[in-house]
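Visitor: Position chain B relative to chain A; hints supplied.
So the sequences go chain by chain: A and B. Once you know that position 231 of the first sequence is 231 in my numbering, the rest is easy, because the numbers rise by one and skip nothing. If you want my numbering, it's the position in the second sequence, counting the first as 1, plus 1000.
Where hints are given, some of them may not hold.
DMTMM-like, lysine to aspartate or glutamate: derived pairs with alpha carbons at most 20 Å apart [what the hints assert, rightly or not]:
(1) Lys1073/B - Asp323/A
(2) Lys1130/B - Glu1051/B
(3) Lys1447/B - Asp1414/B
(4) Lys1376/B - Asp1106/B
(5) Lys1073/B - Asp354/A
(6) Lys1300/B - Asp1337/B
To be clear, the hints were calculated from the coordinates, so they are not data collected in a lab. Model, not experiment: these values are computed from the prediction.
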Amino acid sequence: MPPNVSLPAGRTGPNDTGAGTLTSSIRIRLRTPARLRNLELFLLVLAGALGLGAMALGQLGMTGETDAGILWSFAILGVFVLAFHVVLRVVAPNADPFILPIVSTLNGIGIGMIYRLDLYSGTTGWASDGVRQIVWTAIAIAAAIAVVIAFRNHRVLQRYRYIAMFIGIVLLLLPLLPGIGREVNGARVWINIGVASFQPGELAKIALAVFFAGYLVTARDTLSLVGKKVLGIRFPRMRDLGPILVIWAAAMAVLVFQRDLGTSLLYFGLFLVMLYVATARVGWIILGLVLFIGGAVVASQTLGYVNGRFNAWLDAFNPAVYDSVGGSYQLVQGLFGMASGGLLGNGWGLGRPDLTPLAKSDYIFAALGEELGLAGVFAILALMLILVSRGFRIGFNGQDDFGRLLAVGLSFVIALQVFIVIGGVTRVIPLTGLTTPFLAAGGSSLLANWVIAALLLRLSDTVRNQPRVVVSP
Amino acid sequence: MTRELRRLSIAVLIMFLALFTSTTIIQVVQADELRNDPRNARTLYSSYSAERGPILVDGTPIAQSVPDDSQYKFQRVYPSPELYAPITGYFTLNQGNSGLEGALNDYLTGTSNAQFLDQITAIFTGQNPKGASVETTIDPVVQQAAWDALGDQSGAIIAIEPSSGAILAMVSKPSYDPNALAQHDTSAVIQTYQALNADPANPLYNRTIGGNLYHPGSVFKVLMAAAAIDSGEFAPETQIPNPPQLQLPQSSSIVTNAGGSLCGGGETVSLADALRLSCNIPFAQVGAQLGEATISDYAKAFGFGESLEIPMSTTASVYPSDMDQAHLMLSSFGQGDDRVTPLQIAMISAAIANGGTLMVPTLVESINAPDLSEIKGPSAEVYSQPVTAQTAELVKQMMVAGVSNGAASNARIDGVDVAGKTGTAENGEGEPYTLWFTGFAPADDPKVAVAVVVENGGGRGQNAFGNQIAAPIAKRVLEAVLSR
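Isolated chain A, as found in the complex:
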């Protein structure tokens, strides 16, 4: 393992100054004539065709005609994506060529489904979730472009790890504040900021991933080497337990006070996995799991809503559970929808995903299963898996441990979120309310996931970049 973790962040290479970046990027561009970016462009054209096709087919299926206006506004998103592509050609020419096409495809499919559900409910203009989703996507892409341009060197982030922790925990607990916190569908994970409501927890996951990566890279030696051995497993010292207990407490606070099992599981899982990757200590995982499972069991016994989720999961088709308030009605409706899709699906606009509550957000996967069939959802899951594997690839091949750990954390948070949401919808685990990354309606989720994509792009640029810089004269 290279000991470059001790390098002062921010002084890592010749491309630190503006002039240096320019010359080096020009030099690299001359050597490798943007093969990756050309591949990316080709894939983006496919992604655009897929998204536009989804929109048009959804309209045709629902109304029998296409509405040019909404297709144009969707096409403007294509311009945003192309702008992102051009920016990458300049500032991150060796970034991974699959990430942008994949997230664009997923986002496009999501907008297609949300808009098609709007057509059913008859909402138009700003009342339409589809239109809002398009605007949010534009905002999210703009933010992602800003991130790629602003952070020319990701190691800067390592310096701000404690600030990131503070921001993360504040964002997480913000909805609990009276006045701005808002409760939606029983979970208090929203804040109202005048013009729109926002789920700050979504952004918190980035801040926390940055904190975990920074903290663990510096603290991992003490965490992994010191401590008593019990039954062959080394357990940490009490004083090293501080941060993990803080995160556990935050996760439990989310679980208890915000009544959000999914978010709680997401953050705690993220922390445990990054801890394991950084320290290679199974003891941490066991300790963490014991803590979380202990908390969850207590919660399922004492908190009515957690208990209800478990019953709905285990005994979904029991008429009593099906009919009870907060029971398995939604879960079973989602299953009915997916079953009606079968192997090939009903086709865009030809199913009845509107029958499932929250089809645009929590249940968008069931809606897609209904209209695109098993073939369609397999493709979507495969895209998600490829996206995660591209992130892990940075973890395998990255040049610095902070970047590697951050990339693993960010991609794992996508994988875990996909698993929690879709696993909940398809009855692998109890249902918890989380958004499906890139697909589900919701601005905060889109913004957070596009920023994650931007960070992965930025991190992936170093994977290819560095060796070439090393061999250059």
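Guide: Okay, now just chain B, sitting in the frame of chain A:
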């Protein structure tokens, strides 16, 4: 770190494999089970959203789906609701279907196995799914004539083409309006259904093939005569003792002929005259001589004891078993525990008319895909050969005599030989009679066999006979066929 990452990669792969597996289980393995869950509204909506095929009579719809603006996209409409209700049945949102709507639901919605390829094609061509149309064997003129002829009576008429088994008319009264059950307001549908179901007149019964079944009375004698001759034990001329009264064995009951008179006037009477004049006592003796086993075999060959799919299920008619001698004799002239549908009685006449060959009765002429290609064509299937052609010919002559010069005189049609038999079934002490006629015409080249049943003694209690009420009705139905 690389080793941990590799393990983590495997863990993530397992997580995704779990999702691939769970979606496969839901969308493929359990899909049928989930689709058939009664709580699954999608199955319901899709069965409504697909354009359900029409049910046609001579090319004109008697049930069709008309586009509307509701979430079901179509409204089922019955243009002549009461006239055709026994044939179409009703099509409700989620309260079940009856008649052809129920029996051919798969074809009408386009989901039958025969239409599987069309469904696949529709997926790829993006066409809206559409069900097949069902062309019935019903002749609208005969149906209307039968409806009019029955007037305000409760009862049923069924007319069959003997050579093919095609059902030309199927009337059951009182009838109901299936439009009221096809509306989209489920609570109103349930209310209507419950009211119809509670109606003592039982309008929901299709009396031709089901309901409470009837005592056949004297129309059963046609089967008895056919069995007697075909068994070789009797000829039309065979003389049978003819006392004015018959004490049933081990019973205090006394059998008399209709009206209590001596039937035919002599000490003995021929089998032919006994049928022509509809004498009870001779037939009681014929039954006693043939025995339950022999009669039962003939009854089964004529269709007793079996539920048919025409394509809706018919109620099996009953020839009783394990009878003592008294009951055997009673059942031999259509009393006792004999229970029949009008369809069964028409089948007996049709078999006699068709030279002893009984065709499978059916309501379906053809089933056609939306592109007019034929999914199922006309079929004329033999059900059985209950009696020889010779027997059939002899019984036919006896039945012709019954109309021209016997107890079924009111079915006479000028210039045409009509074969027929009346029946006046007793339903118990003080209960009104059930009045029957069955027969066919023209006798030399039968085009139609009918069965007519009129309940409640035609409104005249125990003071009416089959020949007075049922025969004239049957005559109008026969005329409607003959004047085509």
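Visitor: Please go over all the hints and tell whether each is borne out by the structure.
Guide: Hint by hint, here is what the structure shows:
Taking the CA atoms of Lys1073/B and Asp323/A, the gap is about 28 Å. The hint is violated against a cut of 20 Å. Distance hint between Lys1130/B and Glu1051/B is fulfilled; the C-alpha atoms sit about 5 Å from each other, no more than 20 Å. Taking the CA atoms of Lys1447/B and Asp1414/B, the gap is near 16 Å; set against the 20 Å cutoff, the hint holds. Under the criterion of a C-alpha separation no larger than 20 Å, the hint pairing Lys1376/B with Asp1106/B is consistent with the structure, at around 13 Å.
Restraint check for Lys1073/B and Asp354/A: the C-alpha separation of about 16 Å stays at or below 20 Å, so the hint holds. A threshold of 20 Å between alpha carbons decides the hint, and for Lys1300/B with Asp1337/B the separation of about 16 Å falls inside it, so the pair holds.
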